[in-house]
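Peer 1: From just these sequences and the hints, can you work out the full model?
Heads up: the sequence shown begins at 1 in full-length UniProt numbering, then just goes up one per residue.
Because the hints were derived from the structure by calculation, they are not lab data. One or more hints might be untrue.
[What the hints assert, rightly or not] Below are the DSS-like pairs computed for lysine-lysine, each with C-alpha atoms no more than 25 Å apart in a straight line: (1) LYS222 - LYS243; (2) LYS158 - LYS174; (3) LYS226 - LYS120; (4) LYS356 - LYS334.
[Said to hold, decoys possible] Derived DEER-like restraints, expressed as beta-carbon distance ranges: (5) ARG284 - ASP369: 43 to 53 Å; (6) THR370 - ASP416: 34 to 44 Å; (7) ARG212 - GLN417: 22 to 32 Å; (8) ASP116 - ARG410: 29 to 39 Å; (9) ARG410 - LYS87: 38 to 48 Å; (10) LYS131 - ASP369: 23 to 33 Å; (11) GLY114 - LYS87: 12 to 22 Å; (12) ARG160 - GLN417: 42 to 52 Å; (13) ARG160 - PRO113: 13 to 23 Å; (14) ASP269 - ASP247: 20 to 30 Å.
Being a predicted model, the structure only gives us computed values, none of them experimental. Every residue gets a Cβ at the ideal spot worked out from N, C-alpha and C, and that includes glycine.
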Amino acid sequence: MCLLQSADQPAYVCGLGYTLIVSQRRWNPVKQATTEQTCYVSFYFRVISLIAVAGDNNKTSLMTMIEPVCTVSTPVFMPVGTQGTLKGITVDQLEDLGCQICLGNTYHLGMRPGPDLIEKANGLHGFMNWKRNLLTDSGGFQMVSLVELSEVTEEGVKFRSPYDCKEILLSPEKSISIQNSLGSDIMMQLDDVVSSTVTGPRVEEAMHRSVRWLDRCIAANKNRDKQNLFAIIQGGLNAELRKACLDEMTKRDVPGFAIGGLSGGEEKDDFWRMVTLSTDHLPREKPRYLMGVGYAVDLVVCVALGCDMFDCVFPTRTARFGSALVPWGTLQVKHKQYAKDFKPIDPDCQCPTCKKHSRAYLHALFKSDTAAMHHITIHNIAYQLTLMRSVRESIVEGRFPQFIRTFMKRLFPSGDQYPSWAVDALASVNVTLD
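Peer 2: Structure follows, in structure tokens:
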């Protein structure tokens with residue numbers, strides 16, 4: 001299904017009170033009001049539809065990013081290839097699954113094999129032989145994941161390399177320089193990341209520093225006509241700090257915004273309220289990227305809350321432990337109950353694993369062969385991509401609320417097991433599960 005619409009099409013009613021709005025904007029060079037930096041970006045972002053779920057709440061959107069390499073339709077899930085590859089799956093297999101965009105990590109790729117070598121290969125696209133879009137994280141998350149190896153100052157983040165113990169400074173300028181060498185289509189600012197469970201002055205310090213570092217990243221970007229720099233909203237679980245960060249960062253005409261500092265162990269009630277606070281204040285016509293989110297329930301609910309892009313290592317990591325993602329939850333292939341089960345993981349799934357292999361075969365492989373992890377990784381990535389494709393189709397067909405109800409009912413058949421946070425989050429955009 002092609003989600004591109006002609007730019008001269010007007011808005012029109014597509015049934016059930018939904019309005020399909022078609023608009024297009026080219027991000028041209030503009031002067032920044034606060035920094036006097038010129039921000040150039042290289043893609044079109046076309047808003048295809050904005051869905052009024054019920055009444056006046058207009059948060060769910062179907063959009064298309066027209067990037068230099070290929071088109072990306074949102075809402076979209078982006079698999080994570082931290083070091084230029086996804087564990088347990090090849091680039092060709094990822095393309096065959098219909099993946100539009102995947103991630104690389106600036107910190108790890110900057111360490112090994114290094115930006116100079118990758119640049120000689122025509123960037124990360126050439127190095128991976130990946131013909132679709134790439135997003136690179138800035139390396140800021142390693143402040144949390146490698147906290148024992150890092151120290152944060154105004155200059156940047158000082159890391160002790162886990163490979164050779166050398167001290168390395170990752171500054172905003174260095175992060176952008178590495179990402180320029182990697183040649184990603186979307187690159188992220190270096191932000192000051194703290195765990196979502198941290199409170200107190202450190203959260204405010206990190207928020208203000210992230211704003212200052214955004215300005216330094218904008219100034220350092222040498223490929224403004226080719227690479228799209230996204231800002232990252234910080235502020236922890238403090239609503240006032242989040243709002244302050246949103247107010248400042250939205251003054252910069254960057255092509256997209258990420259919601260950072262969440263999905264790190266906080267209560268789900270706090271999580272969804274910070275997500276909706278952010279989407280309420282972010283411009284609707286620009287991509288809104290919720291970082292580090294990959295559980296199926298979270299994806300569906302957060303699309304309803306107004307998010308467009310998601311990433312997470314969850315589908316590949318959980319595959320390595322024998323856990324296959326299915327519409328009714330997870331299927332633990334290693335469990336002995338599947339030793340003589342000749343059905344595919346999911347009879348309705350069209351991925352290569354489900355077309356060719358049974359649960360019994362995969363169960364047997366797990367005892368002696370790493371190929372089982374490979375097969376389940378393929379299935380899990382296919383599950384995530386198919387889920388988001390179904391979300392997009394339901395939006396364009398004007399039935400997203402019903403899709404949510406069907407999805408949740410299959411995942412929680414008794415109905416009384418719905419997570420209370422999800423019920424409350426959906427109710428905030430007038431979606432009921434009754």
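Peer 1: Confirm or reject each hint.
Peer 2: Do the hints match the structure? See the list:
1. LYS222 - LYS243: Judged against 25 Å, a Cα distance of about 30 Å means the pair is violated.
2. LYS158 - LYS174: Since the Cα atoms of LYS158 and LYS174 sit roughly 12 Å apart, the hinted pair holds (cutoff 25 Å).
3. LYS226 - LYS120: 17 Å, holds
4. LYS356 - LYS334: Holds, at about 18 Å.
5. ARG284 - ASP369: 43 to 53 Å: 49 Å, holds
6. THR370 - ASP416: 34 to 44 Å: Holds: the Cβ-Cβ distance is about 40 Å, inside 34 to 44 Å.
7. ARG212 - GLN417: 22 to 32 Å: 45 Å, violated
8. ASP116 - ARG410: 29 to 39 Å: 49 Å, violated
9. ARG410 - LYS87: 38 to 48 Å: Violated: the Cβ-Cβ distance is about 29 Å, outside 38 to 48 Å.
10. LYS131 - ASP369: 23 to 33 Å: 30 Å, holds
11. GLY114 - LYS87: 12 to 22 Å: 21 Å, holds
12. ARG160 - GLN417: 42 to 52 Å: 45 Å, holds
13. ARG160 - PRO113: 13 to 23 Å: 20 Å, holds
14. ASP269 - ASP247: 20 to 30 Å: Between ASP269 and ASP247, where Cβ atoms are some 24 Å apart, the hint holds.
Taken one by one, the earlier hints fail for this structure at numbers 1, 7, 8, 9, listed in ascending order.
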